[in-house]
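Chemist: Sequence:
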Amino acid sequence: MEIKDNQLLRQFETQTDFGLLVMEYAMQERKLFLTKLNHPDDLELEIINDFIKAVLAIAVERKFKVVPTNPKLAHFFRKNPVYKELLPPGIKL
Numbered sequence: 001m002e003i004k005d006n007q008l009l010r011q012f013e014t015q016t017d018f019g020l021l022v023m024e025y026a027m028q029e030r031k032l033f034l035t036k037l038n039h040p041d042d043l044e045l046e047i048i049n050d051f052i053k054a055v056l057a058i059a060v061e062r063k064f065k066v067v068p069t070n071p072k073l074a075h076f077f078r079k080n081p082v083y084k085e086l087l088p089p090g091i092k093l
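FYI, the numbering for the sequence shown is 1 to 93, going by UniProt numbering.
No lab work stands behind these hints: they were computed from the structure. Worth double-checking, as some hints may not be accurate.
[As the list claims (entries may be wrong)] Here are the simulated lysine-lysine pairs, DSSO-like style, with alpha carbons at most 30 Å apart:
hint : residue 1 : residue 2
1    : 79        : 4
2    : 84        : 63
3    : 65        : 4
4    : 36        : 53
Make the full structure from the sequences, and use the hints.
Modeler: Set out below in structure tokens:
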């Protein structure tokens, strides 16, 4: 899955068969605030989860801490405790 970091619009993007999958973000210091997740309605949950994992891999590569402010993304962190190490100190989901 190829992820494009559109820094002008502050979003990660990837093209799927059903349309554009977008995750909006905001940067503050060394923290990546994941604010919105837009996806086509008929897109499979597995593809969405792969997209989230790819974005989190980018955050690890750039040594960012991640703050999920979107409820769908916070739910992903709760279901996948492997990624809790990306949360900054003091953030509990």
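Chemist: Decide, hint by hint, whether the structure agrees.
Modeler: Hints, verified against the model:
Restraint check for residue 79 and residue 4: satisfied, since their Cα atoms lie roughly 25 Å apart, inside the 30 Å limit. A threshold of 30 Å between alpha carbons decides the hint, and for residue 84 with residue 63 the separation of about 14 Å falls inside it, so the pair holds. With a CA separation close to 19 Å, the supplied pair residue 65 and residue 4 stays within the 30 Å bound. A C-alpha spacing of about 15 Å is found between residue 36 and residue 53, which places the hinted pair at or below 30 Å, so the restraint holds.
In this structure, every one of the numbered hints holds.
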